[in-house]
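Using the hints provided, position chain E relative to the given structure of chain F.
Number of protein chains: 2
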Amino acid sequence: QTFKRDDRKMSENGMVSRAKVLTIDTMNPTVKKVEYAVRGPIVQRAVELERELSEGMKKPFAEVIKANIGDAHAMGQQPITFFRQVLALCSYPELLNDSTFPEDAKSRAHRILQSCGGNSMGSYSASQGIDSVRQDVARYIERRDGGVPCDPDDIYLTTGASDGIVTMLKLLVCGEGAARTGVMISIPQYPLYSAALAELGAVQINYYLNEETCWSLDIGELQRALDEARQYCNPRALCIINPGNPTGQVQSRECIEDVIRFAAKERLFLMADEVYQDNVYAEGCQFHSFKKVLFEMGPEYSNTVELASFHSTSKCYMGECGFRGGYMEIINMDDEVKAQLTKLVSVRLCPPVPGQALMDLVVNPPQPGEPSYDNFIKERTATLSALAQKAKLTEQVLNTVQGISCNPVQGAMYSFPRITIPEKAIKEATDKGQQPDMFYCMKMLEETGICLVPGSGFGQKDGTYHFRMTILPPNDKLQILLNKVKEFHQRFTQQYS
Amino acid sequence: QTFKRDDRKMSENGMVSRAKVLTIDTMNPTVKKVEYAVRGPIVQRAVELERELSEGMKKPFAEVIKANIGDAHAMGQQPITFFRQVLALCSYPELLNDSTFPEDAKSRAHRILQSCGGNSMGSYSASQGIDSVRQDVARYIERRDGGVPCDPDDIYLTTGASDGIVTMLKLLVCGEGAARTGVMISIPQYPLYSAALAELGAVQINYYLNEETCWSLDIGELQRALDEARQYCNPRALCIINPGNPTGQVQSRECIEDVIRFAAKERLFLMADEVYQDNVYAEGCQFHSFKKVLFEMGPEYSNTVELASFHSTSKCYMGECGFRGGYMEIINMDDEVKAQLTKLVSVRLCPPVPGQALMDLVVNPPQPGEPSYDNFIKERTATLSALAQKAKLTEQVLNTVQGISCNPVQGAMYSFPRITIPEKAIKEATDKGQQPDMFYCMKMLEETGICLVPGSGFGQKDGTYHFRMTILPPNDKLQILLNKVKEFHQRFTQQYS
Numbered sequence: 001q002t003f004k005r006d007d008r009k010m011s012e013n014g015m016v017s018r019a020k021v022l023t024i025d026t027m028n029p030t031v032k033k034v035e036y037a038v039r040g041p042i043v044q045r046a047v048e049l050e051r052e053l054s055e056g057m058k059k060p061f062a063e064v065i066k067a068n069i070g071d072a073h074a075m076g077q078q079p080i081t082f083f084r085q086v087l088a089l090c091s092y093p094e095l096l097n098d099s100t101f102p103e104d105a106k107s108r109a110h111r112i113l114q115s116c117g118g119n120s121m122g123s124y125s126a127s128q129g130i131d132s133v134r135q136d137v138a139r140y141i142e143r144r145d146g147g148v149p150c151d152p153d154d155i156y157l158t159t160g161a162s163d164g165i166v167t168m169l170k171l172l173v174c175g176e177g178a179a180r181t182g183v184m185i186s187i188p189q190y191p192l193y194s195a196a197l198a199e200l201g202a203v204q205i206n207y208y209l210n211e212e213t214c215w216s217l218d219i220g221e222l223q224r225a226l227d228e229a230r231q232y233c234n235p236r237a238l239c240i241i242n243p244g245n246p247t248g249q250v251q252s253r254e255c256i257e258d259v260i261r262f263a264a265k266e267r268l269f270l271m272a273d274e275v276y277q278d279n280v281y282a283e284g285c286q287f288h289s290f291k292k293v294l295f296e297m298g299p300e301y302s303n304t305v306e307l308a309s310f311h312s313t314s315k316c317y318m319g320e321c322g323f324r325g326g327y328m329e330i331i332n333m334d335d336e337v338k339a340q341l342t343k344l345v346s347v348r349l350c351p352p353v354p355g356q357a358l359m360d361l362v363v364n365p366p367q368p369g370e371p372s373y374d375n376f377i378k379e380r381t382a383t384l385s386a387l388a389q390k391a392k393l394t395e396q397v398l399n400t401v402q403g404i405s406c407n408p409v410q411g412a413m414y415s416f417p418r419i420t421i422p423e424k425a426i427k428e429a430t431d432k433g434q435q436p437d438m439f440y441c442m443k444m445l446e447e448t449g450i451c452l453v454p455g456s457g458f459g460q461k462d463g464t465y466h467f468r469m470t471i472l473p474p475n476d477k478l479q480i481l482l483n484k485v486k487e488f489h490q491r492f493t494q495q496y497s
Numbered sequence: 001q002t003f004k005r006d007d008r009k010m011s012e013n014g015m016v017s018r019a020k021v022l023t024i025d026t027m028n029p030t031v032k033k034v035e036y037a038v039r040g041p042i043v044q045r046a047v048e049l050e051r052e053l054s055e056g057m058k059k060p061f062a063e064v065i066k067a068n069i070g071d072a073h074a075m076g077q078q079p080i081t082f083f084r085q086v087l088a089l090c091s092y093p094e095l096l097n098d099s100t101f102p103e104d105a106k107s108r109a110h111r112i113l114q115s116c117g118g119n120s121m122g123s124y125s126a127s128q129g130i131d132s133v134r135q136d137v138a139r140y141i142e143r144r145d146g147g148v149p150c151d152p153d154d155i156y157l158t159t160g161a162s163d164g165i166v167t168m169l170k171l172l173v174c175g176e177g178a179a180r181t182g183v184m185i186s187i188p189q190y191p192l193y194s195a196a197l198a199e200l201g202a203v204q205i206n207y208y209l210n211e212e213t214c215w216s217l218d219i220g221e222l223q224r225a226l227d228e229a230r231q232y233c234n235p236r237a238l239c240i241i242n243p244g245n246p247t248g249q250v251q252s253r254e255c256i257e258d259v260i261r262f263a264a265k266e267r268l269f270l271m272a273d274e275v276y277q278d279n280v281y282a283e284g285c286q287f288h289s290f291k292k293v294l295f296e297m298g299p300e301y302s303n304t305v306e307l308a309s310f311h312s313t314s315k316c317y318m319g320e321c322g323f324r325g326g327y328m329e330i331i332n333m334d335d336e337v338k339a340q341l342t343k344l345v346s347v348r349l350c351p352p353v354p355g356q357a358l359m360d361l362v363v364n365p366p367q368p369g370e371p372s373y374d375n376f377i378k379e380r381t382a383t384l385s386a387l388a389q390k391a392k393l394t395e396q397v398l399n400t401v402q403g404i405s406c407n408p409v410q411g412a413m414y415s416f417p418r419i420t421i422p423e424k425a426i427k428e429a430t431d432k433g434q435q436p437d438m439f440y441c442m443k444m445l446e447e448t449g450i451c452l453v454p455g456s457g458f459g460q461k462d463g464t465y466h467f468r469m470t471i472l473p474p475n476d477k478l479q480i481l482l483n484k485v486k487e488f489h490q491r492f493t494q495q496y497s
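Residue numbers (the working numbering), protein chains in the order written: chain F, 1 to 497; chain E, 1 to 497.
Only chain F is shown next, with the shape it has when bound in the complex (with noise of 0.2 Å):
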């Protein structure tokens, strides 16, 4: 691949032409093989299609949905006033003389001001992330975890949640060949995870949720996947993601439990990707933390168990997504490893301080007795009572349809049904090259507008169809959204059978 000197070649006008550089030849392999599905092909035509509706085209429908992302503003969630507030006197500190901002977001607004070089979001803030919002996370975490302790060095904010595991897994990579790091995750999985590990050359080891137990997670899948990985790497970090995306599940208390026993024992350092915490909407599910569950468990574990936790601004009620804000804390880990991530972590500065500033807003928000608490309680309320509505008629409205089966979508924001694909379309997709359950999303994409994410990019059991759709859509919309997707399937299964 060594390029020589004066390679060049005259084209037929006499103009001097050279190779690429950088080719798809030449170019970094690793990045070859990453795949990110939820901004994959299938959303790359949706935004085609936007732009030839926009261009006046004639299509089947009138506007495309994006129910592909976890995209809350976009589909109309309106943000939390008061976070926006102390955020536009943060921006604009001449708005602090203005009266028509309550007090409780002056004195936020003032605080974070205050812990920002020369008292302005334009500085850089230490690269851990400023130290006043640190405090703030730690005492979020206490009061969230029933008082467990939390100390603010082992908080690092993040450029959303998926710097922070990006950055986690880079820690965790080493060896080659049978030595390589292998890291478990989920099957299905949110794509960063397999596009990270294969960014980095790391191993991905798979275990498979149980869909048939609303995608329950099973020590058992988990020994099977780790005792075939030790075979032909070296496994050493266990994720999960609780509530789960896309699955929608949330954990008991026991299966935290033994999850951690199994990590104690096999030697797995932890990372739990929490970042829909206060998306839980099911009867009987509660959110545990794997921190608070830890501790809960006695020294023997909380001594000695690697975890780190990761949340974001951009889901649970604020999803304030386009801010990038999100921290991780990071338990029990070794004294030198945690100064070289300090480091690892200077190199790229500092994350976005509007979204720092945001972060400390999630975990400080209007209190009892402040200006803004009822409208704040209020917002959070009606937003969250809206998306466990969201959910159950999700799950209603799949189910109904024969051939779409739907596990009760108990938190997170997404919904992951079983498709059956007819043996016809499964063959007319595999001719194409196209996985099947791409196949059927995508004519969904041409025929309604509807953009879903199939199955495929999240990882599924072999023969085995789905899609993820959001349930983020306001409720009327949803309702047409469920009803098209219903008539779709029914067409599409007819049209194959």
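Incorrect hints may have been included.
Copies of the same chain look alike in the list, so a pair counts if it fits in one copy or across any two.
Claimed, not checked - Derived lysine-lysine pairs resembling DSSO-like cross-links, with alpha carbons at most 30 Å apart:
(1) 343 with 443
(2) 427 with 461
(3) 427 with 443
(4) 443 with 338
(5) 343 with 427
(6) 170 with 32
(7) 338 with 170
(8) 343 with 170
(9) 32 with 343
(10) 343 with 59
(11) 343 with 432
(12) 461 with 32
(13) 461 with 424
(14) 170 with 33
(15) 343 with 461
These aren't lab readings, by the way, just hints derived from the structure by calculation. If you're wondering where the values come from, they're calculated on a predicted model, not measured in any experiment.
Positioned in the frame of chain F, the structure of chain E alone reads:
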């Protein structure tokens, strides 16, 4: 490095303890090689000293002055009013009804929000960045480059320039052993480059700038570095920082032409770090973009040479580091590689939207006739002329010190003077296992509270010593700082003579 199961031990008090999964010996070895002096040990010590001062500990100074990093707002520079008004409007669109905001700020905010999903900065944008922002960037580049065309599809918005630079380097790395990708970087360099190359496992190829001729770039030196490197790696890219960081030189048009010819002849992908494009102070100096020069050299070059150019919201007159805004423009990239780039950036979903909004304002500021125009020009001019004065002042004062010699700060935000360190001090440092200039800067920090970065963090010719100092402190403070540096240097020289 494979861990065995049940590798536990009982500690003296009977508690079970386990060896950590992730230790310094089992972590990613490439991460360990990363160094980033701008936020290295000296800055950590500065933060400690600040804490000690605030706790009332007595020091020989009243405050720590961080002249280690180009963090304008932290040094008291005021944000551009118009930019912050628009950001406040975008954060809290209720303010669009507030009559105290100027109409041009409102119309900019309106346009940005219309390009956001659900009219909210809380939505994810396209991974490549908001369409309308990329269009504005393209028009800005066309104006800047005297009409050379720019395609918005070649623009990628980024999380600061660092993100873009790392992403491009990531694409370029491949091969093993003698076929490993080599990347040419200037010495002295900005340590993001060495850090990214270490992490990616690429080969760093040093070419030395010529301190004697104001840190100019000599093609003969490029050739020497390249020829030597071809014996042990596959050189594929050439990085240029113009205006220079840490060295402050501004490249002449002739020099840029020579570099482009060299890159074409030697088949190197060009990476032009142009984040200081508005920071040009010296008479007779002017910023020439690589893109413009490339296109003016005719189709032999403009149709073939692969170029990525980087810009940011963090420097110039705006200094908005905390927002992490930036863009890169990609010229002549192979289509398949570009598709891979687009896929790669989709994994991290999108750059922070407030940073994108800010980038939009930088490339589309108030125009003549608009209500905010006069004030914008006044603020911009004040900041840039203050910087020009401080550049001059820094050079002048430092050159009055025997044993310090300082090139003119033609551009950017730093002075990088050469310092004479007495033999006795070199010996004492070496005995301590410290670089002599680290020893010098650490001593200066402890005695004066001034935080500089040793030249060894950027690279320098063997046997020469430097430090990097920002010119950002306000005039009176800079004067004090320079005097303190002067006194310290004289004391240090005396002490070790």
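These are the hints, each one checked on the structure:
1. When the C-alpha separation of residue 343 and residue 443 is checked against a cutoff of 30 Å, the pair qualifies only between copies, where the shortest distance is 22 Å, while the shortest distance within a copy is 48 Å.
2. In this homomeric assembly, residue 427 and residue 461 come within 30 Å of each other (Cα to Cα) only inside a single copy, at 18 Å, whereas the closest approach across copies is 66 Å.
3. For the identical chains of this complex, residue 427 and residue 443 are intra-copy neighbours only, at 15 Å inside a copy versus 74 Å across copies, given an alpha-carbon limit of 30 Å.
4. Taking the closest pair of Cα atoms, residue 443 and residue 338 come within 30 Å of each other only across two copies (27 Å); inside a single copy the shortest separation is 48 Å, beyond that limit.
5. Proximity of residue 343 and residue 427 under a CA criterion of 30 Å is satisfied inter-copy only: 28 Å between copies versus 52 Å inside one chain copy.
6. In this assembly of identical chains, the alpha carbons of residue 170 and residue 32 lie at most 30 Å apart whether taken from the same copy (18 Å) or from different copies (11 Å).
7. For a Cα distance limit of 30 Å, the shortest separation of residue 338 from residue 170 qualifies both inside one copy, at 13 Å, and across copies, at 25 Å.
8. Taking CA atoms no more than 30 Å apart as the test, residue 343 paired with residue 170 passes in both settings, with 13 Å inside one copy and 20 Å between copies.
9. For a Cα distance limit of 30 Å, the shortest separation of residue 32 from residue 343 qualifies both inside one copy, at 28 Å, and across copies, at 9 Å.
10. For the identical chains of this complex, residue 343 and residue 59 are inter-copy neighbours only, at 27 Å across copies versus 53 Å inside a copy, given an alpha-carbon limit of 30 Å.
11. For a Cα distance limit of 30 Å, the shortest separation of residue 343 from residue 432 across copies, 22 Å, qualifies, whereas the shortest one inside one copy, 48 Å, does not.
12. Within a single copy, residue 461 and residue 32 get their C-alpha atoms as close as 24 Å, which meets the 30 Å cut-off; across copies the closest is 38 Å, which misses it.
13. In this assembly of identical chains, residue 461 and residue 424 lie within 30 Å of each other by CA distance solely inside one copy; the values are 20 Å within and 70 Å between copies.
14. In the homo-oligomer, the alpha carbons of residue 170 and residue 33 lie at most 30 Å apart both inside one protomer (17 Å) and across protomers (13 Å), since each shortest distance falls under that limit.
15. Within a single copy, residue 343 and residue 461 get their C-alpha atoms only as close as 40 Å, which misses the 30 Å cut-off; across copies the closest is 25 Å, which meets it.
The structure is consistent with each of the numbered hints, conforming to all of them.
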